[in-house]
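Enquirer: Following the hints, position chains B and C against chain A.
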Amino acid sequence: MPEKKEYKVIGTRPIRHDGVDKVTGRALYGADFHTAGLLHGRVLRSPHAHARILSIDTSRAEAYPGVKAIVTAKDLPDAADKVADLGEGAVHLKYLCDNILASDKALYKGHAIAAVAATNAHIAEEACALIDVAYEVLPPVLEVRQAMEPAAPLLHETLKTGSLGETAEEPSNVASHLQHKKGDIEAGFAEADVIIEREFVTGTVHQGYIEPHNATALYNPDGQLTVWCSTQGAFTVREQLTEILQYPISKIKVVPMEIGGGFGGKINVYVEPVAALLAKKTGKPVKVLMNRADVFEGTGPTPASFIRVKMGATKDGKLTAAQTHLAFEAGAYPGSPVGAGAMCIFAPYDIANVLIDGYDVVVNKPKSAPYRAPGATNAAFGSETVIDELAKELNIDALEFRIMNGAKEGVKRADGPVFPRIGFIESVEAAKQHPHYTSPNGKKHHGRGVASGFWFNIGLASSVSISVNPDGTINLVEGSTDIGGTRASIAMQAAEVLGIPAESVNPSVVDTNSVGYTAVTGGSRTTFATGYAAYEAAQDVKRQLIARAAKLWEVDEEDVQFADGEFSCINGKEAQLSFHDLSARLGETGGPVVGSAAVNPPGAGGAFATHIVDLEVDEDTGKVQILRYTATQDAGKAIHPSYVEGQIQGGVVQGIGWALNEEYIYNAEGTMTNASFLDYRIPTCLDLPMIDTVIVEVPNPGHPYGVRGVGEVPIVPPPAAIANAIYDAIGIRMTELPMSPDRMLKAMGKI
Amino acid sequence: MADKKQSPKENAAEKPGKTTISRRNFLKGVGTGTVAAAVAPTVLIGAEKAAEAQMGEAITSATIQLNINAKTYEVEVEPRTTLLTVLRDGIDTRGNHVDLTGAKLICDRGECGGCTVMVDGTSVYACMMLAIDAQGKQITTVEGLAEGDTLHPVQEAFIQHDALMCGFCTPGFVVSAASLLSENKKPTLEEIKMGLSGNTCRCGTYPFIFDAVKTAARKM
Amino acid sequence: MRSFEFFEPTTLAEASRLFAQEHAQLLAGGTDLVIGMKALTETPQSVISLQKIAGLAGITTDADGGVSIGVMTRVRDVELSEEIRNGYTALAEGAAEIGSIQIRNLATLGGNIAHASPAADTVAALLALDAQVDIASADGERSVPIHALFTGPGQTILTAGEIMTRFRLPSPASGSHYIKHKIREVMDLAFIGVAAAVDMDNGTITGARIGLAAVAPTPIRATEAEELLAGKSLTDAILAEAGEAAAAACSPISDLRCSAEHRREMVDVLTRRTVREAVARAHA
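Chains as they are written, first to last, in the numbering used here: chain A, 1 to 751; chain B, 1001 to 1220; chain C, 2001 to 2284.
In isolation and in its complexed conformation, chain A is listed as follows (with noise of 0.2 Å):
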């Protein structure tokens, strides 16, 4: 249990360890590495978002000067039939491989076909296009209420529902069906003075992390494959490769270059297999560029749904009971994040009867790939509507109807957990007592909104292991990719324990064969996960200093006390050591001392936060201007709060984005015509507020210093409060993202 206490340097503001490289242009990213020998890889991509593919004919390409090979679905080992163990649950290997490259059927406009390897990047352009591919062209499928129709065309013959255990019988787009339940729905509802019941539905969105994907595969002669990447996980980048090339994992070591943004997205494997096959065919180290709109068609959006939200309470403002509807679209193969949905929706409150079905459903779309609370903004964009709505319809004061329904210690969640320590309440109180929340407010087409957010945050395994210096720093070995500065806060961590400055911590990011396993930095783990793993190897590392300590002096380890960095003895004998001046001695009680830990810690306890928006309508443009945004979130123990504050800020900035204009827009042949950072537009400094964020300090029990992870769930809110917002500003409820121009005016009836 951790303890309120001073710490030296948990919550302070250490520069990054990072940062030099990073102002200068001297980082090494994926794209900007280089080798000798290096070809260019590029891959070709189906222009029909359904097609069967009938034949692919590289004869003409193959001839082309400068190409030195080409792959195909063919150059993949067979899968068919087998399951592939990703860590987090089996996977048709099939469905993984045909991602890579498809092999019978093109499932999106942007699905990789081939890929050609040439001696540079304009040859194997040219190249591709003199691969001939026969299609025979099917109707798309581009909408999961559509998608889930009996008559839909299907993207997969073989695939049945999975129903709450049960296989169906016939075919069908809908990959599964979960559900959770708690108390009794229709009892809940009968109790009810008030229910609203409403559907929404949210766009496609893409994570839109800048750096687009890329990969340089090598492998040497000795069979093994060295894989150059940009991840947020080089393990599960070695995991995946092994299946998809049924290659031993024991051959591949990933090396994972500096990250230009994930959020999610750089989980899943797409052009690595696809350098590796071409390393392989040619000998040559391939490097494997994605552009742009490769990165759009490509890869991972976050998945358009259809939610449907009924919400009961009695007139004295208790929730009785909450049901929902969630499909999810998963794009083209089944994983959308409906689960993780389904497990947030209702999660801030404590109701008493609940019904959550969720449904995960195949579209000619791109592979949904995890962003940023995965699932969550989905489901919190219909459930915290409904909340504003009844709360409205109650007439209570929107942050009071939270408090009264709040979930806390000892509360069973739908979906089966009990919480622990929580600090939802402590989140909402901070926004209702934040200067914004009782700034006045009522000007003319001005609203204010609020909604809040659940993520449950994981822990999974993480190693780290410290070298000790005799200069008195340390060097600490970690498999987290570093994408925000956890370098820094997981360094921090380690620091503490041994009473040294984060300065005097030299961190590096590892490849595959140089630390032990370590999860994917996401889910808001790592500086939870790795920040444990940190603070456990200190203690190894301490303890060995102890005992070393106890040798120099000739006394048991049990008189030796170590406290703000220095060791004494505490059995009357006059002895002194600080951490530094003991570091120098290393060699003469024993030599190095190196610590290590590898932890899988379950706590990780769940994320809370809690926003307040104000904005304008212009009621003739449609366009909302966002005028100021308030977040507060529990962080438990904030250890750099820089970083705490740079994420909820990162959150909502992202979810502004969702909220206001941001989505995939497609023609009726499902091609996505808005695949270019000019037209799917990210905001810029210029569409944002200044955003305030206040953090709220409630100790986890599963960490040592309290950490939760906050990197995801600020994302959650933004949609709901703003949506929110809008109804107070014109009085008219929102419920399809994005909330455009276009979609204001049709709403507001001008047009």
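Some clues are possibly wrong.
Said to hold, decoys possible - Heads up, simulated DSSO-like pairs for lysine-lysine below, C-alpha to C-alpha not over 27 Å straight-line:
1. B:Lys1185 with B:Lys1219
2. C:Lys2052 with B:Lys1071
3. A:Lys746 with A:Lys392
4. C:Lys2038 with B:Lys1137
5. B:Lys1137 with C:Lys2052
6. A:Lys281 with A:Lys74
7. A:Lys315 with A:Lys432
8. A:Lys318 with A:Lys392
9. A:Lys623 with A:Lys444
Hints in this document: simulated from the structure, not taken from any laboratory. These numbers come from a predicted model, not from an experiment.
Expert: Chains B and C alone, transformed into the frame defined by chain A:
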């Protein structure tokens, strides 16, 4: 990358240190006509003579000199080679990689700001500029902002304010900020936002970036 | 990007002769052409840079009180020119709406117009400001009003070898203003663009010109709305009539940015707003 398959060798590198270009006569047999007399004099003074004297010559590849970070690079390019390609993937005529990978290839069409460099002191997207058009200009990349081991005040301030998360957009922002401060010593917040609005950051670090630019302005 | 041959003529005459060849394209700032070539929507066999031709860039005052802006003048210079900001505000505003600073540091006014996009950010202002376009070729020079320049998306009246050399703006109107309807504050294409320029005399609009972008296959003038405003003083009623007339003059399309109905509605709304602001500036 510069496409080597069509590199004519006849003129290449015959005068080391000077720009050489491969040309192909293009307008043989085309009448020269009389243009100048009828055209606005401010524009076409001397044009008639020039038209007589010069035949249009097509450049298919060229060995050009680029001044990057106060250093001269001699590189062979095709006309289609962009400045960004030379910076990231170019190989000079002595076989050395230019290797200035600070400017990032992200959208490759002027929509993100990741490849921002300064050309004659103003910020441009290196992906939109043909390398051949950058001859005779002073090009500054993020690698050229520091003086020796002394970081540019903008770089110092970015570290101090932690104005980066993943760091991928950072080189572009740093160059844009340096360019802004070279034109406007004391920008207001609005001017900072306007000056950086051609760069996008998906991590959403904008507020820290504004703080960094304010600090850098004070120090400069 | 496909390979192409590159030319750097030093005279307009030479450039004109080169440009008269098939599959030739002019390179000014490159911000449209280079991107088009990457996307393979432009596949010229020869590219003719106007960079080395003297006299094509710059803003000069004309004897009649107007200004001339050379085609190779950087958009950023148009945006920042005191003369343009004061006398031709709508044009400075249009220039400032193009892409981003990095683009405006490369892009030229001539390129923005020659690309003949119906959504070009400076075109509505040049229409409202009644610009004349000077055009040179091997056969001589001619000058056309800008509203006569465009024939369709990406299409102009320019014939083989003709090159625009400058835009001439008559002496300033009393007030002008440009509004771009967009989602993002920067780096966005115009959903629609509306520019208005008004001449005022003692509270009466003596003349008005309204330029509209992205509402028809070419940029257009809303002449009926202009006539409605002429001779009137500014009232909500007359603004409403002008807005409706401008909307009626449009033939917008639905595309990925927004629907035709949306565009038509915005022409009405933004015509009212731009005219109102142009009149306010005339009074200021």
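Enquirer: Take the hints in turn and mark each one as holding or not.
Expert: Status of the hints after comparison with the structure:
{"no.": "1", "hint": "B:Lys1185 with B:Lys1219", "in the structure": "holds, 10 Å"}
{"no.": "2", "hint": "C:Lys2052 with B:Lys1071", "in the structure": "holds, 24 Å"}
{"no.": "3", "hint": "A:Lys746 with A:Lys392", "in the structure": "holds, 24 Å"}
{"no.": "4", "hint": "C:Lys2038 with B:Lys1137", "in the structure": "holds, 24 Å"}
{"no.": "5", "hint": "B:Lys1137 with C:Lys2052", "in the structure": "holds, 14 Å"}
{"no.": "6", "hint": "A:Lys281 with A:Lys74", "in the structure": "holds, 13 Å"}
{"no.": "7", "hint": "A:Lys315 with A:Lys432", "in the structure": "holds, 22 Å"}
{"no.": "8", "hint": "A:Lys318 with A:Lys392", "in the structure": "holds, 14 Å"}
{"no.": "9", "hint": "A:Lys623 with A:Lys444", "in the structure": "holds, 15 Å"}
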